[in-house]
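Those protein sequence lines, which keep their order, are chains B and U. Using the working numbering, the first residue of the first sequence is number 1, and each one after it goes up by one. Using the working numbering, the first residue of the second sequence is number 1, and each one after it goes up by one.
In case anyone wonders, no lab produced these hints; they're calculated from the structure. Quick caveat: nothing in here was measured; it's all calculated off a predicted structure. Even glycine gets a Cβ: it sits at the ideal position worked out from N, Cα and C. Honestly, I wouldn't trust all of these hints.
Here are the simulated lysine-lysine pairs, DSBU-like style, with alpha carbons at most 35 angstroms apart [said to hold, decoys possible]: (1) Lys276/B - Lys79/U; (2) Lys139/B - Lys229/U; (3) Lys175/U - Lys139/B; (4) Lys135/B - Lys79/U; (5) Lys147/U - Lys175/U; (6) Lys147/U - Lys135/B; (7) Lys149/U - Lys135/B; (8) Lys55/B - Lys79/U; (9) Lys149/U - Lys189/B; (10) Lys55/B - Lys9/U; (11) Lys79/U - Lys199/B.
Cβ-Cβ distance ranges computed for the label pairs, FRET-style [unchecked claim]: (12) Ser233/U - Glu61/B: 58 to 68 angstroms; (13) Lys38/U - Glu61/B: 26 to 36 angstroms; (14) Ser258/U - Arg15/B: 51 to 61 angstroms.
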Amino acid sequence: MNREEVKKLKEISYRMMIDVLQMTTEAGSGHPGGSLSSKDIVAVLFFKVMRHDPKNPSWEERDRLVFSKGHAVPILYAALIEAGYLDRSYIKKLRKLGSPLQGHPEWNPDMMIEATTGSLGNGLAIGNGIAFAGKLKKKDYKVYVLMGDGELQEGTVWEAAMFASHYALDNVIAVVDRNGLQQSGPTEKSMSVEPIADKWRAFGWHVQEVDGHDVEALYSAFRSAQEISDKPKVIIAHTTKGKGSLIGEWVTEFHGKPLSKQELEKLLPELEEKHKEEMKELDVN
Amino acid sequence: MSTREAFGKALVRIGSDPSIVVLDADVSGSTKTSQFRKIYPQRFINFGIAEENLFGTAVGLAYSGLKVYASLYSVFVLKAYDQLRIIAHDNLEVKIFASHSGLTNSSDGWSHQTVEDVAVFRALPNFKVIVPADAVEADTVTEESLKIKGPIYVRLSRSESPIIFEKGLRFELGKGNIMNDGSDVYIIANGNMLSIAIKAVEELKKDGISVGLINMSSVKPIDEELIIKAAKSTGAIVTAEEHSVIGGLGGAVTEVLSKHYPVPVEFVGINDSFGQSASLEELFRFYGLTSENIASSVRKVLKRKK
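Okay, chain B solo, but in the shape it has when bound:
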């Protein structure tokens, strides 16, 4: 990936972060923290890795992203706006009566929302189903499944992990957003999920670990995963909850709490300043 592409993805990731903050503040609820830990993963998937066509959303050959950590859906909506599946007016429609932008994702193939989630632990099985159907129909699309780390406490994740390797679903590429925090604190305090990599390996998966905010590292992990056949693949992406939003990083209360309008107004110029500096650094390095 060249420097221009890295810059482009970082710009997209920044814009999506601002959209997430505005959306959740406008809605008065939502999960900005978990949305932002996934922002670079989603940016790389939507704008570099996945095959899809905003002019033809239900194209059968498209790659699918199953958003298993459904509470982080504002970042998916932000990606759909960025890619042109939704117009910008939807920023104001999160969690509003009758809106397709529900608090958690609702299956809507016309706008590339590939699965209904929200109750944690279901996305991997759903992704397996889409992947199995792909094999049956001899389609070569890939199914990406984004999971949270706290979500790994759900037993259904491991039933699905067993299934994917039993049926050698090499068209499944899962990503664990390892931000280390869940609602009541660190994952390891609520219910240990480590050693995560060993668990997936023991279930017959190909495992990679990357910095989940390094777009180049993410991209190369996705490329390697695509090359591996005969087994499902998982990328454990080490991330920071609330990444890039200055006040939110690693604050547990940020899990389900958006900023007030005043807080957001005060923060926006600071964020822009910080973003400009980061982009300058990219030019220097």
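Chain B is already provided as a structure; the job is to place chain U on it using the hints.
Frame of chain B; chain U shown alone:
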């Protein structure tokens, strides 16, 4: 022949449709989907003992345009309630044919029986609920299931059921069938209680009581028109089901009546308790699922009518 066997045979017939996939949780010998597996192994998926995973995967298969047929013990279907909610919410093409329902897994005991499954599926938006009375009806329902849009729950039995209907029976979702007319009272029954209700009608006839009988295999949607007609023409109803009296056929019938045409109703069913291990005959007697109990409920409701 049991209703599960009839389903297994019919599934092979409709199974030539290449969009059908059959899901199993390692019980295909019991549910009779093993016959489909032999002919179409590539469209048969065994999940092992993992029912939540089965129904979670069913969601993804259905999103991809496949018609999913899932057959497992009814009690183990209920393990996957979280995934069933998604199937219901998204109105997916998932057809559940649940075997070993009600008390019919008799000697295995309460852990392998269901008294509440109809109530659960009635409460799930978009789900349709069908309780066939014999092998002929189970066969017809399996054939018709391809034409029904969205998720359905079909309640099948482990045990042999006496054959009531002749071949060529027609099934229409949301329609009940009058087995015989009556002028004093109507019994509304389904599943294994239909053949028992037929006996009750005969017994009551000897006492000069004219009892109508309706087969209400389609519990949701239910035939409101027919229920209201039966209530208007006789002024009394008895419901009979191999299920809890809470939330099943009796509940569905009285929801219609209380809104449109309230009349006295008596309920034959399981009174808010679980089953236990015994022979099927003993269990039906113990829980009052007998023609004698239906007959005494008829007499009771006739007294209330006056």
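Checklist entry - Does Lys135/B lie within 35 angstroms of Lys147/U when you go C-alpha to C-alpha? => result Distance of about 26 angstroms is within 35 angstroms: holds.
Item to check | 35 angstroms limit on alpha-carbon distance, applied to hinted pair Lys276/B and Lys79/U | outcome: Status violated; Cα separation ~52 angstroms.
Checklist entry - Is the Cα-Cα distance between Lys55/B and Lys79/U 35 angstroms or less? => result Between Lys55/B and Lys79/U the Cα gap is close to 41 angstroms, so the pair fails against 35 angstroms, i.e. violated.
Checklist entry - When you check the alpha-carbon spacing of Lys175/U and Lys139/B, does it fall within 35 angstroms? => result violated, 41 angstroms
Checklist entry - So does Ser258/U sit 51 to 61 angstroms from Arg15/B, Cβ to Cβ? => result Once the Cβ atoms are compared, 56 angstroms apart, the range 51 to 61 angstroms for Arg15/B and Ser258/U holds.
Checklist entry - CA of Lys55/B to CA of Lys9/U, is that 35 angstroms or under? => result Judged against 35 angstroms, a Cα distance of about 45 angstroms means the pair is violated.
Checklist entry - Has the given pair, Lys135/B with Lys79/U, been kept, meaning a C-alpha gap of at most 35 angstroms? => result OK: Lys135/B and Lys79/U at ~28 angstroms, within 35 angstroms.
Next on the checklist: Range first: 26 to 36 angstroms. Now tell me if the beta carbons of Lys38/U and Glu61/B are that far apart.
Outcome noted: The hint (26 to 36 angstroms, Cβ to Cβ) holds, given that Lys38/U and Glu61/B are roughly 33 angstroms apart.
Item to check | Pairwise hint evaluation, Lys175/U against Lys147/U, where the allowed Cα distance is 35 angstroms at most | outcome: Between Lys147/U and Lys175/U the Cα gap is close to 15 angstroms, so the pair holds against 35 angstroms.
Item to check | Holds or violated: Lys149/U to Lys189/B, with C-alpha atoms at most 35 angstroms apart | outcome: violated, 46 angstroms
Next on the checklist: Need the status of pair Lys79/U, Lys199/B: alpha-carbon distance at most 35 angstroms?
Outcome noted: holds, 25 angstroms
Checklist entry - Going straight from one Cα to the other, do Lys139/B and Lys229/U come out at no more than 35 angstroms? => result This hinted pair is violated, its Cα atoms lying about 53 angstroms apart.
When each numbered hint is compared with the structure, violations occur for hints 1, 2, 3, 8, 9 and 10.
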